[in-house]
Amino acid sequence: MTSHDHFELLEQRLGISRRDFLKFCTGVAATMGLSTSEAMAMAEAVATPRKRPVVIWLHGQECTGPTESLLRGQHPSLERLILEMISLDYHQTLDAGAGHDVEAAKDASIAANKGQYLLVVEGSVPTKDGGIYCKIAGKTMLEHTREAAEHAAAIIAFGSCASWGGVQSVGPNPTEAKGVGAILAGKTVVNLPGCPPNPYNFLATVMHFLTFGTLPELDGEGRPKFAYGRLVHENCERRPHFDAGRFAKEFGDEGHRKGWCLYKLGCKGPETYANCPAVEFNDIGGGTWPVGVGHPCFGCAQEGVGFAKPLFSLAEVKTHTPPNAFPFIDDREGVSGMTAGAAAVAGAAIGAVVGASAVAASKLGKSEDEAKNSDSRD
Amino acid sequence: MKRRDFLKAAAGASALCGMGVAEARPNLEPAPQAVGMLFDSTLCVGCKACVAACKETNGMPPVADGDIDYYDSARDLSGDTLNVIKVYRDGSGATKDAVTNGFAFEKRSCMHCVDPGCVSVCPVTAMRRDPVTGIVTHHPDACIGCRNCMVGCPYNVPQYQYDKTFGQIAKCQMCNQAGVERISKGGMTACAEACPTGATLFGSREALLAEAKRRLALKPGEIYAYPLGDVRNPYRRHEKAAPAYMPHVWGEREAGGTNVLHIAAIPFDKLGMPPLGERSAASVAEGVQHALYSYFALPAIALAGLTYVVRRNTDKNDGGES
Amino acid sequence: MSAYRPLGGRILTPTVIGLAALAALGFFFLAIRFISGMGAVTNLNGGYAWGIWVVYDVVVGTAFACGGYALAIAVYVLNKGQYHPLVRPALLASLLGYALGGFGAFFDMGRWWQFYNILLPWHWNFNSVMLEVGLCVMAYIVVLAIEFSPAFLERLGLRDIQRKLNKLLFLFIAIGVLLPTMHQSSLGSLLIAMGHKVHPLWQAMELMPLLAIVTAVTMGFSIVLFEGSMVTAGFKRPSETHLLSGLSRAITGLIVVYLVIRFGELLVRGKLGLVFAFDFAALMFWIETALFLVPLVVLSSPAKRDSGRALLIAAVSMLFAGALWRFNAYLITFNPGPGYSYFPSVPEIMVTVGIVAFEVLVYIVLVRLLPVLHDTRHA
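Residue numbers (numbering that gives the first Met the number 0), protein chains in the order written: chain A, 0 to 377; chain B, 0 to 321; chain C, 0 to 378.
Among the hints, erroneous ones may be present.
What the hints assert, rightly or not - Computed list of lysine-lysine pairs in DSBU-like fashion (alpha-carbon distance at most 30 Å, straight line):
#: 1; chain 1: B; residue 1: K239; chain 2: A; residue 2: K248
#: 2; chain 1: C; residue 1: K79; chain 2: C; residue 2: K303
#: 3; chain 1: A; residue 1: K248; chain 2: B; residue 2: K184
#: 4; chain 1: A; residue 1: K224; chain 2: A; residue 2: K186
#: 5; chain 1: A; residue 1: K113; chain 2: A; residue 2: K138
#: 6; chain 1: A; residue 1: K257; chain 2: B; residue 2: K184
#: 7; chain 1: A; residue 1: K113; chain 2: A; residue 2: K224
#: 8; chain 1: A; residue 1: K317; chain 2: B; residue 2: K269
#: 9; chain 1: A; residue 1: K362; chain 2: C; residue 2: K303
Claimed, not checked - Some chain A residues flagged as far from chain B (calculated, every beta-carbon gap over 10 Å):
#: 10; residue: K22
#: 11; residue: T25
#: 12; residue: A29
#: 13; residue: E83
#: 14; residue: D100
#: 15; residue: I135
#: 16; residue: D218
#: 17; residue: R229
#: 18; residue: V353
#: 19; residue: S361
Since the hints were made in silico from the structure, they are not lab data. The C-beta atom is built at its ideal place from N, Cα and C for all residues, glycine as well.
When you get a sec, could you build the whole thing from the sequences and use the hints?
Shown next, in the form of structure tokens:
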């Protein structure tokens, strides 16, 4: 079957035009900083019918926010796209069935797809008292996670809870809730924090894995660099107001109504790594993200900031090495160096004085010698 | 020349030297209600909100960078820039407030000296120190543009507008010049008000000096509630771990002290501060000037003596026809 | 009959035309300065606010104009009347030097249209050295004009006025000795307030005015020697060496005084080590000191002191020495801080050259038209 045929089938399957589909893939690739040719590779991968990779989706201590955010994608409907791309063999919210049958199906799927399935975890894992504070089908979340992680090809922790523990892990943390990575020793876990996390970061990560068979480049905390490499402060559309000192000081004041920077209202953008200002939420555009609608970022994606620091306390501004364009201590305005012309003119002026003196001196010397000679002759 | 003449000359020279050691007046004291600012380099994040606020409050234009004139590219104080943030960088510049392989920010603006060199040297009183607040102001209507204030300022703060046909000296006046008068109206400087992190703090010199010393006494890592706005009545505080400060408050005593104090984690010479002792150079110059010309006494005596001698000599030489 | 006579002769010589051309060029750039601002013509900046217009035209230029002052001391205070014939030409040179120095201060002012403020007593800041320099120089220009006026009055045949003036001349001469003592020393005092910016080898603090006045008087005698020699050589007049050689004693004596103070200050304040620092400042110090020492060597014997050539070489060396001391302190080893540098631009230099050319031009013209040079027919 040719690629042309694949795209025709895809059109029929998904009910979207090939053009719209290619636009979508280009958009996802761009979010990850990939090129158009890589976008085409993604499109091909999605269009080519093959055995759909299995995804096992676990839920721990969570509010189902990540899944809900995923379901809000509309361009095209993520629900359709993902359910056509992957074989979601276990998902507590989306599964039609419930109970022990569904659990048995999960175990069977894991057994049948050893080393090939994608494990997604949503929600944190309590560890106190052997982890009894979250049990599904009589087994602790701790056991479920470790079992499922054993033979997974890749593990994605989706949302702040799965990434670093979320709200329940912030003091006093009575259940000793931890992120997935913390309870899986020696395993690579892709963390996609956010409360809720941006669905497009998840989508892009999954498509990268399906297309290239590898995970996107991760930072020291297991977060994909394409989404978490920069501070919210660095992408924020209100940054010029911060730089110019225009701050909203109270909700509803003149600055707030004019859309000025919310730093003084406690915005944690300067110490939170996420790409919310770039991709926004809900596919509406027009600044639909917390700061964009007038509320300071509270650092939901950042461990140590979200839920840990008071909403309206000032953030610590994480600064990076200033660019070379930033004025240095010894930079000055209006200093011009010596030009060859100026040096020549100055030299000529001094030379003229010295020369004239030398000529006069020799004249004086000569006339005095003459006078002496004529004296002696007399 | 003869040895005797040489010795006479040398003796004369030594005598003149003895006369030359005039008494310098002591440094001036801070004004009774001196106001100033405290700049804490470790709190500064280089956002330059203070630069923008200063330009707006004082009506200064942005500095163009070649053809680019839609944003401000000020690199240093100039006739158009009264306040600027500069960066110290070493090596890779990776760590904030580290001396090696680090970076730090420094604010450059008028230090509002306690014993201002500019005020001392200005022939026409175009630079004045307010007797109550200690703010050093400039008065372009009196100024003749001799630029003695520029060479007399240890920090090279006053800047003449060389690019204008009818230029004037420009320098920070703590937002209290005629027409702005933020301090007189009970407010604070624009830069202190704009600063989001409290790196620039306004207040009385006394309170700011106490605050600076409090910070220097903190252990690195100790959490401190840094004030924002006016140190005497901050509009908020924010908690942050204290850094390892250089154990020195710049401006406490340098050349008599300044109303604008600085603390930092980087040695001050690396942040561009000049090598100053405790004496203000201006006080020495004034001492010499007053020793020689006080009440015009010495010149008057000299003139009397000279008149007598010259008259006697010109009477001898046919009526002084020259 | 007057002891003085106009030189006469053709005015429009190639020299005069050349000088006029240089002067015109200088005034052209000066016009640009007034139309477009100082930045359009000079290389002044935030760290170097005083460039060659202040340092040469005002500081060095007025030191070069101390001929009248030095001779006034010699003739009217120390009563050495034999130098009387040298007084008028020295006064002309001084008047021109000070007038153009004052003009230089004026066009260097950033707010020159408000210059009158320095004359208004309610603006005076008595702590300021600059105030005293400004007022004193202005007053001295007036005094020089009065002291030189007999040459004009003689030429115009106004004998009555001339006689009345002569009765009061002693007072103006006395003032004309006091005023330069005040402002030439203060031109040194100006450096005190600049503190650390002046290199330690030049920053003598309280001793600055002393060094300034000693070198100024020495330069005054030297300029008399210089101008006398140039007039003799240039206008092919009889040698005045017998008259000038007496001044050499004053020059060498004062140089010794200067050296004792200079090196004494460095020794007592522990700065002598900097002299041997093998850096640029040390080099400039040695060049400057060498220029001060040359006259001591060149005029070391009575025979040499009677040689017109030796006198001229000594004088030129001393003039360069005094000029270099001022240039070094104010500009060459001056350090306002890292990142600043200054070298005058071509238009800036041409203004200074133009002013000097104008000065020489007017001197030549007036010496030809007015009874300035002493009549050599007197035996």
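Hints and how they fare:
Restraint check: the Cα-Cα separation between K239(B) and K248(A) comes to about 20 Å, which is no more than 30 Å; the hinted pair holds. Restraint check: the Cα-Cα separation between K79(C) and K303(C) comes to about 22 Å, which is no more than 30 Å; the hinted pair holds. A threshold of 30 Å between alpha carbons decides the hint, and for K248(A) with K184(B) the separation of about 21 Å falls inside it, so the pair holds. Proposed proximity of K224(A) and K186(A) is supported: the alpha carbons are some 18 Å apart, at most 30 Å.
Distance check on the hinted pair: K113(A) and K138(A) sit about 21 Å apart at the alpha-carbon level, within 30 Å; holds. For a cut-off of 30 Å, the pair hint linking K257(A) to K184(B) stands: about 26 Å separates their Cα positions. Restraint check for K113(A) and K224(A): the C-alpha separation of about 28 Å stays at or below 30 Å, so the hint holds. Restraint check for K317(A) and K269(B): the C-alpha separation of about 23 Å stays at or below 30 Å, so the hint holds.
Distance check on the hinted pair: K362(A) and K303(C) sit about 16 Å apart at the alpha-carbon level, within 30 Å; holds. Residue-level check passed: K22(A) sits 34 Å from the nearest beta carbon of chain B, beyond 10 Å. No Cβ of chain B approaches the Cβ of T25(A) within 10 Å, the least distance being about 32 Å, so the stated non-interface status holds. For A29(A), the non-interface assignment is confirmed: its Cβ lies about 28 Å from the closest Cβ of chain B, beyond the 10 Å cut-off.
Against the 10 Å criterion, E83(A) stays outside the reach of chain B, whose nearest CB is about 46 Å from its own CB. No beta-carbon of chain B is positioned within 10 Å of the beta-carbon of D100(A); the least distance is around 53 Å. Non-interface call for I135(A) relative to chain B: holds, since the shortest CB-CB distance, roughly 40 Å, exceeds 10 Å. Against the 10 Å criterion, D218(A) stays outside the reach of chain B, whose nearest CB is about 16 Å from its own CB.
No Cβ of chain B comes within 10 Å of the Cβ of R229(A); the nearest lies about 16 Å off, and the non-interface call holds. Even its closest Cβ contact with chain B, about 26 Å, leaves V353(A) beyond 10 Å, as expected for a residue assigned away from the interface. Separation of S361(A) from chain B is adequate, the least Cβ-Cβ distance of about 26 Å exceeding the 10 Å criterion.
Checked against the numbered hints above, the structure breaks none of them.
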